[in-house]
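Residues per chain are reported as follows:
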Amino acid sequence: MSKTIDINLVRHVGKLSRIELTDEQVQTFAGQLASILEYFDKLQELDTEDAEPMAHAVQLHNVFGDDEPACSLRPDEALANAPQRDGDFFKVPKVIGDS
Amino acid sequence: MDEILSLSALELRDKIAAREISAVEATQGYLDAIEKTEPQVGAFTQVLAERAQERAGEVDKRLAAGHDAGPLAGVPMAVKDNLATPFGRTTCSSKMLAEFRAPYCATAVEKLEAAGAVILGKTNMDEFAMGSSTETSHHAPTRNPWDTARVPGGSSGGSAAAVAARLCAAALGSDTGGSIRQPAALCGVVGFKPTYGRVSRFGLVAFGSSLDQIGPMTRDVSDCALLTNVISGHDPKDSTSVPAEPPDCLAEIDQPIENLRIGLPAEFFSDALDDEINASIRQAVEVYRSAGARIVEVSLPHSRVDRDADGKLSSYAVACYYIVAMAEASSNLARYDGVHYGHRTAEKTSDIVELYSRSRAEGFGEEVKRRIMLGTYTLSAGYYDAYYNKAMKVRRLIKNDFDAAFESCDVLLCPTTPTTAFALGEKTDDPLTMYMADIYTISVNLAGLPGISIPAGLSKAGLPIGMQIVGPALSESAVLRVARSYEAAGGASRLMPQLLKG
Chain A
1 MSKTIDINLV RHVGKLSRIE LTDEQVQTFA GQLASILEYF DKLQELDTED AEPMAHAVQL
61 HNVFGDDEPA CSLRPDEALA NAPQRDGDFF KVPKVIGDS
Chain B
1 MDEILSLSAL ELRDKIAARE ISAVEATQGY LDAIEKTEPQ VGAFTQVLAE RAQERAGEVD
61 KRLAAGHDAG PLAGVPMAVK DNLATPFGRT TCSSKMLAEF RAPYCATAVE KLEAAGAVIL
121 GKTNMDEFAM GSSTETSHHA PTRNPWDTAR VPGGSSGGSA AAVAARLCAA ALGSDTGGSI
181 RQPAALCGVV GFKPTYGRVS RFGLVAFGSS LDQIGPMTRD VSDCALLTNV ISGHDPKDST
241 SVPAEPPDCL AEIDQPIENL RIGLPAEFFS DALDDEINAS IRQAVEVYRS AGARIVEVSL
301 PHSRVDRDAD GKLSSYAVAC YYIVAMAEAS SNLARYDGVH YGHRTAEKTS DIVELYSRSR
361 AEGFGEEVKR RIMLGTYTLS AGYYDAYYNK AMKVRRLIKN DFDAAFESCD VLLCPTTPTT
421 AFALGEKTDD PLTMYMADIY TISVNLAGLP GISIPAGLSK AGLPIGMQIV GPALSESAVL
481 RVARSYEAAG GASRLMPQLL KG
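One line per chain: the protein sequences are A and B, in this order. Letter 98 of the first sequence, counting from 1, is numbered 98 in my numbering, and no numbers are missing. Letter 240 of the second sequence, counting from 1, is numbered 240 in my numbering, and no numbers are missing.
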């Protein structure tokens, strides 16, 4: 496992995370993320061969609700916080090109 | 100080129910206190005075008509700003949600109001509950009422400071890795994280979904039991809430603890533990021995707290916790896209990905970005096994340690924090050092257990020291009883911070 997070990797993770980064942030984060990841590597000292991965503290499976119709948010409520809307739609920049 | 402010929530409720004090007077008493003291503390993101007075008036009307107004009738409270409320804004102390108005109410808040509580406002926090000092808040940091140059802890620092400074009778916080217990310890109040699933998370803005839990922050243990009663219980709106009937914690609170076995985890009392905090807990151990409890030594090897060669704190549990919490956070916070709600960049963007990326860059603070990026990285192809999967396995080992410990004891007694309140700005440049502030609390979240922090005296510098009591899953009543036993034996409670002594 690589402990050196280079700036290209930080840029790549920024892209995956959908967060634009300034050059200065890339530099700062590279150092900080590297030291945190290095700390995470401490877990490699532990033998976990026989440990069942635990995703959750409560063992509940297949929780079903009653099949009863109920109201969900009305369009007006759902759209009330939209940064931009057009009637009953959320408005975003054009996604598909002209050609 | 004003009589209203000096009463516990329970005492105030009784006086309001007996109509010795009106709910409107109680609310006004706290609103006046907020006006006077809040500028020095900064505990709130919003104070909702008008609505609070209206609600208080309704409580008085119910009482005047001879109706029962509920177990929290007229009690002025505050709730952390990551709890969705259909009144005011729900900001998570983030620029991302600065104007967000939730279309629904968190179940825990709904239960408070149904019980007659009056919500005074929403409290400040680390942005999206990511932090241990309330300094990552987009608003401004909250200050510790014991020393305003120090942090109140976090992420529920606003709730802790508000309770300590008598800006509300009680509050709700949320705890993902210690975010109720650590600020409670640093502000000298009681803070309780119930068992994962005991309190519905519906309407709690998600951070680490397998770890998050809502809980009360109060001035004494009885108030804590009262609030636990009110907010607990299964909720069809949260499929991870436990379908078990919660106990009446308040009714059982003064039962004797004779012959109860209290376990001291050896790994928490290592050389790494601060001397003054150690001394406070040892003194509490003697109090428990006198009350007839049996003290046993137990072991939590995978939660061991050490100091490395440079004197820095270290624990497997911290590494495990941050991998799990950041992975979950990176998924949960993907919803902030600048489209459906929340901040959207004002700049013109040429495509949708640019819109997402720029809106998120502008809307999130540095710590939130760090965690999203680390979570994204540890979940990414090629690293998943080394980080996330490894952490899930270590989480199992941590949980197994607790299971084994509870075979020889009923509850655990341990420190809440490695230090008392630290100075503002002291740890902000070094994220990893900040993460160690939760070193004694995070394994409890990983295992999903109930844990409470109660005041255990003051340090020589006059700062509160907290101690933590942890029980097996769903043992809320026992945990509160053990906490109450120490308090009743003369332990620290209802501590008055320096700020109010003038």
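Derived from the structure by calculation, the hints contain no laboratory data. Bear in mind that the values here come from a model prediction, so they are computed numbers and not experimental data. Incorrect hints may have been included.
Stated by the list, open to error - Selected chain A positions facing chain B (Cβ under 10 Å, derived; list incomplete):
| no. | residue |
| --- | --- |
| 1 | Asp6 |
| 2 | Ile7 |
| 3 | Asn8 |
| 4 | Val13 |
| 5 | Gln27 |
| 6 | Phe40 |
| 7 | Glu49 |
| 8 | Leu60 |
| 9 | Pro69 |
| 10 | Leu73 |
| 11 | Gly87 |
| 12 | Pro93 |
| 13 | Lys94 |
| 14 | Val95 |
Said to hold, decoys possible - Not everything, but these chain A residues come out facing chain B in the computed CB check (under 10 Å):
| no. | residue |
| --- | --- |
| 15 | Ile36 |
| 16 | Leu46 |
| 17 | Pro83 |
Where is the CB? At the ideal position from N, CA and C, for every residue including glycine.
Verification of the hints:
1. Asp6: violated, 13 Å
2. Ile7: Nearest chain B Cβ about 13 Å off; hint violated.
3. Asn8: violated, 13 Å
4. Val13: holds, 5 Å
5. Gln27: At 13 Å from the nearest chain B Cβ, Gln27 (chain A) fails the 10 Å test, so the hint is violated.
6. Phe40: Interface hint status for Phe40 (chain A): holds (5 Å vs cutoff 10 Å).
7. Glu49: holds, 9 Å
8. Leu60: holds, 6 Å
9. Pro69: Not OK, violated: Pro69 (chain A) not within 10 Å of chain B, min 14 Å.
10. Leu73: holds, 6 Å
11. Gly87: violated, 15 Å
12. Pro93: holds, 6 Å
13. Lys94: holds, 8 Å
14. Val95: holds, 5 Å
15. Ile36: At about 6 Å, which falls below the 10 Å cut-off, the nearest Cβ of chain B leaves the hint on Ile36 (chain A) intact, so it holds.
16. Leu46: This hint holds: Leu46 (chain A) lies near chain B, its Cβ roughly 6 Å from the closest one there, short of 10 Å.
17. Pro83: holds, 4 Å
When the structure is compared with the earlier hints, violations turn up for hints 1, 2, 3, 5, 9, 11 and for no others.
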